[in-house]
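S.K.: Next come the chains, spelled out residue by residue.
Protein chains: 2
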Amino acid sequence: MQSNMTSSAMEGSTKRKQEEENLESLNVVPKRQVIVPTKKPQVHYIPLKTGLCYDVRMRYHAKIFTSYFEYIDPHPEDPRRIYRIYKILAENGLINDTMLSGVDDIGDIMLKIPVREATADEILEVHSREHLEFLESTTTMNREVLLKETEKGDSVYFNNDSYMSAKLSCGGAIEACKAVVEGKVKNALAVVRPPGHHSEPESSGGFCLFSNVAVAAKNILKNYPESVRKIMILDWDIHHGNGTQKAFYQDERVLYVSLHRFEAGKYYPGTVQGQYDQCGEGKGEGFNCNITWPTGGVGDAEYMWAFEQIVMPMGREFQPDLVIISSGFDAADGDVIGQCHVTPSCYGHMTHMLKSLARGNLVVVLEGGYNLDSIAISALSVAKTLIGEPPDELPDPLKDPKPEALEMIYKVIKIQSKYWKCFKRRHGNYNINFSEVASDTLATKTFPLQTAIRQQQYYNLFKEYDFVKFPTANLKLPDDLILCSPNIHTAETVIIIVHDTPQIWLEKDIISNTVDPCSSIIIDSTLDFLKWAHNRKYGIIDVNIPQSLIYGDENPDNYSSLINAQEILLFLWDNHIKFLNEVNKIAFIGVGDSVSGVVHLLGHRDTKERVKAVINFMADKQLKPLVPLVDESLSDWYFKNSLVFSNRTHPCWGDKENKKPRKKYGRVLRCDTDGLNSTIEERFDEATDFILDSFEEWSDSE
Amino acid sequence: MQSNMTSSAMEGSTKRKQEEENLESLNVVPKRQVIVPTKKPQVHYIPLKTGLCYDVRMRYHAKIFTSYFEYIDPHPEDPRRIYRIYKILAENGLINDTMLSGVDDIGDIMLKIPVREATADEILEVHSREHLEFLESTTTMNREVLLKETEKGDSVYFNNDSYMSAKLSCGGAIEACKAVVEGKVKNALAVVRPPGHHSEPESSGGFCLFSNVAVAAKNILKNYPESVRKIMILDWDIHHGNGTQKAFYQDERVLYVSLHRFEAGKYYPGTVQGQYDQCGEGKGEGFNCNITWPTGGVGDAEYMWAFEQIVMPMGREFQPDLVIISSGFDAADGDVIGQCHVTPSCYGHMTHMLKSLARGNLVVVLEGGYNLDSIAISALSVAKTLIGEPPDELPDPLKDPKPEALEMIYKVIKIQSKYWKCFKRRHGNYNINFSEVASDTLATKTFPLQTAIRQQQYYNLFKEYDFVKFPTANLKLPDDLILCSPNIHTAETVIIIVHDTPQIWLEKDIISNTVDPCSSIIIDSTLDFLKWAHNRKYGIIDVNIPQSLIYGDENPDNYSSLINAQEILLFLWDNHIKFLNEVNKIAFIGVGDSVSGVVHLLGHRDTKERVKAVINFMADKQLKPLVPLVDESLSDWYFKNSLVFSNRTHPCWGDKENKKPRKKYGRVLRCDTDGLNSTIEERFDEATDFILDSFEEWSDSE
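Chains A and B, in that order, are what the protein sequence lines are. Take -13 as the starting number for the first sequence in the working numbering and just add one per residue. Take -13 as the starting number for the second sequence in the working numbering and just add one per residue.
The shape of chain A in the complex, shown without the other chains:
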């Protein structure tokens, strides 16, 4: 052991240097100090200040009031937004400006960066001349024309000062970036408005007139080609920065990363460009990243996770020379437009993380954010982090991210893993391109896992209960989809179990993306029902619906598990069950997506006479409505004769107490647990009791 800790292996190159030093400053036994420094250090380290852009003239752009109501309830993109941020900085001593008048000397901590109007040339780097000229024309419009143009636009308003304010806002962003790039300040906060990120090259939109951040980035890249070759724009405004994205969609010099609500395009701006699969084009492919929240209500947990899993690894790999935050504070807790819950300390943490990129060259440019209190405390937290203070603790670091947000983050990592090394590492080694498997030479030596699993199920059911295959005839599907007990033609009571391919619990090798089949197990939760039915000597039909068919002879291109489930169940009813003359009591047990086949059958055939009970386990799958084709009363019948079990966290329960799914979905019950296996385990007794009751309540069945 000891040898590890000795210096015997000390390198030769450093040895000589150390020998020289020994003579000079080695001091081992004598207590008297003998220090003769080689040079007298007289360097004074003077840390740079944080830059601040603010100009009262940016408050002149405002909505023209047309009613008293607007005075009580002003437009959210309110001139006070920048004032309130400036004020809170002063109140907390980060700047010295007792009168809040926007003085030039603001003290020792922050440095005022003078704001100027962006020039036409600068603006034309991003915008069209038409767009510039239209905005210029607003300076001389009369009230009526201004109101008309406001009416015409996509969520924008104009007055005669809009053009100046917009040029100042844009110029402020440029000057903030310049001050950082030129080393005048260590980083900067541009408290500017109107915001910019929705403004596309040809048009205003979403309260935005000029695309401030995009104009700044383009001009920095143009004017500092040596020192700034790559810029990362991180847009944490709750809306997608469609304008910024568009400006750099084909540009590999700018990595645009946006976190925003998308909700299948229902959230503003709602264009397909905001979707997570938009990764850039041409040279810019791989340099656009949309992290799209599928729902509102996200907060610190989701943002921290996205930063840790996506933003920071990506940023480090990109190696930007400058980072610009498109800093809307409308994801902040308290913002009624954003309806999210990012806390001020989370904004601090995100700023702190981004400071570790680009040697700290960071510019924060205000975008949206409409709760005046929320944007003030959020901006204060960002400013404190910029001047060098550590961020506050997160109020609830134990909170779990929402599953749907986790899923989205995973999807983004997956799609971006095509471009970024850091994600390949995380997501596993995609040495097999899955979509190419069918045509590939690999096809000869691969087969789908589900085939093996169904075969094993058949083998077990055959061995344990003498099950046989039910002919599937012209369905053009594997012949082991429908299995049945040997007593099927004599039984009076039949349980029909309709299920997806069972789940597998496994250990995955993170390096190769493969699993060890020896330590992986298949969990077939329906076996409990099979055993129960077998013990009661019921006839049993077991139907397995594959969710997809990967390849093979079965024409997989137009395969749909939904249609397939419906077809299989209709086939089963029309060709087999109808002719089982002894059967007078049937119960369906549906598990997973396959339930759609059961519900479809119940709506499309007259089954009421014989079907006594329907038990469906949905876990997190979408509820399936019974659409009655023949008999309007079927919804009531279904509600009365079914139990539909959902996950505790199933979206159908919404955020409100006492919300109930409608009758056409059956009698939906909320489990205490989540997941197919857990909910089946939890409700097994309830389900079987319900079936037994329904079989005996013969007289009620009409």
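Among the hints, erroneous ones may be present.
In this list, chains with the same sequence are indistinguishable; a pair is considered to hold if it fits within one copy or across any two.
Said to hold, decoys possible - No farther apart than 30 Å at their CA atoms in a straight line, the calculated lysine-lysine pairs in the DSSO-like style are these:
1. Lys388 / Lys216
2. Lys269 / Lys385
3. Lys594 / Lys650
4. Lys208 / Lys269
If you are wondering where the hints come from, they were derived from the structure by calculation, not from laboratory data. This one's a predicted model, so the numbers in the text were calculated from it and none came from an experiment.
Given the coordinates of chain A, work out where chain B should sit on it, guided by the hints.
M.R.: Leaving out everything else, chain B in the frame of chain A:
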């Protein structure tokens, strides 16, 4: 779209406030400024300085020279270590001390924290009285006794000043923590020696006399019970901090996280306590985390990954009130003891990340680090981060972590996921405790995946090539392990394929830790060989060796895939192949771990007459040596008649060029790719050509 962006939903509570504010400061059309602030901000924000502990008296502890050699090549724990750090801080202007004499006023950026000797009471919070008294006794020992005690100790040395230096070092750590906790400084750097983290309660060790950080943490917890209830100690010294770990192993108030080389206990201190599975005991269970590098040579990529994946999520969840870094710089690039490559900027990044915990309450205490240049530039980078500068860019952010380090990080996450929510999320939801499956009710509805896969293989081979089962008789194993072609009793030439259960490529659901069996595929790379052999009308035997048996009737407790592979191959040879009288040419194709069965057979039976070729695909598995039981010349024979293909990155190739595995491992060849499937694909033609050649070179076979 537009409706999303209007203020119609503005909350009532904020409305009234805003109305009031409207009267006061809303300013929309007039260009004249009308600002009447509610209060005049006169606060001045004064950021705290960073504390610095340094005292020249800590340099008096030194090794007593016994030869001129020690003067040329001094002991690595060299008194100049702290001087060099102090000097570089002065040279870079972080402190003002032109004479480097350790003055009290060191300028505007850092604040000198006076160092004092730790008191006996403080030390006794961690150490035994015997240990304290022994160290006290060294103050009066004569040279001979000192040398004798130095000789006796575990990598420690003593002189008459050791006790004072050690008390100062320990006191410095305490005072640094106190200054931070009391809010006198924002954070602190304690440039102290001798180091502390190897010193256990009863003994010195590894250059350490008192366990400085442990003593400081214990005393802070004792004296500031209100403000400091939890402390996180992050130990990035390249050696395991066995002393610190021991002091808090049963203490839930202190989370100890160490990153260190372990190498199966071969690296100092080399006790089992340093292993990654040591997670704490009793109340302290879950509050100890060892991240153990299985090899030297790690650097920024591995440390950044470990911080991002383990240290930071864990730290945020722990919510410490104070973070102490046990800051050895022996993982630094250039340290010949650590032999790792952490760069100064990586130390900066790690410090920056840790600053985001505990509201920035961070104390950095020096431990090891033996290259004087490396520790100086590393400490400078840490100090700059402490005063608030952003860290430099990593020199090579694109570098991939070593696979074995990734694997270790994954193992740590897995073992710690028992205690930490953040890892459950990442590692998947362990709702099935795997080890309990056998006894659990789940056993009735689960079955091992490998059984299903082998069954599928059998079905395919039966359908395609009419394969049948070979009886396995008394082996007490599944009956489908050995399959053979129908011509096995008439063929002259036989190919015996011995393989592990094939790999599965899959999509995993990160939330439930389950996979979709429909989009997962089994990759059976040996099928190419089967097809080839079938086309040449060879007899074929296909042997599947399960790597483990999870449960079932087959007595899994003492199952070993190694022994199993050996037994199955011997059984096959003794009971079947021996009696295949027509066969005069045999080739083995081994894949994966199962190769051990083939090599064992070749060493234990006289097979030379009939076995003409052996092809083994090892991927990343350990090479299997042929141990000749009967015939010493077998190693040569094996080398001549085999091809053993390894991954490109297989450890057998080491770091040096031209390293060759020994002959007993066969003719080992390095593939250009990694992984079983890729290497088989790459070398398929070479392997089959080799077999064909060997079959025809009849005359050479003796």
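S.K.: Against this structure, judge whether each hint is valid.
M.R.: Results of checking the hints against the structure:
1. Lys388 / Lys216: between (33 Å within a copy, 28 Å between copies)
2. Lys269 / Lys385: between (39 Å within a copy, 23 Å between copies)
3. Lys594 / Lys650: within (15 Å within a copy, 75 Å between copies)
4. Lys208 / Lys269: The answer is within: 18 Å in one copy meets 30 Å, while 60 Å across copies does not.
The earlier numbered hints are all upheld by this structure, with none contradicted.
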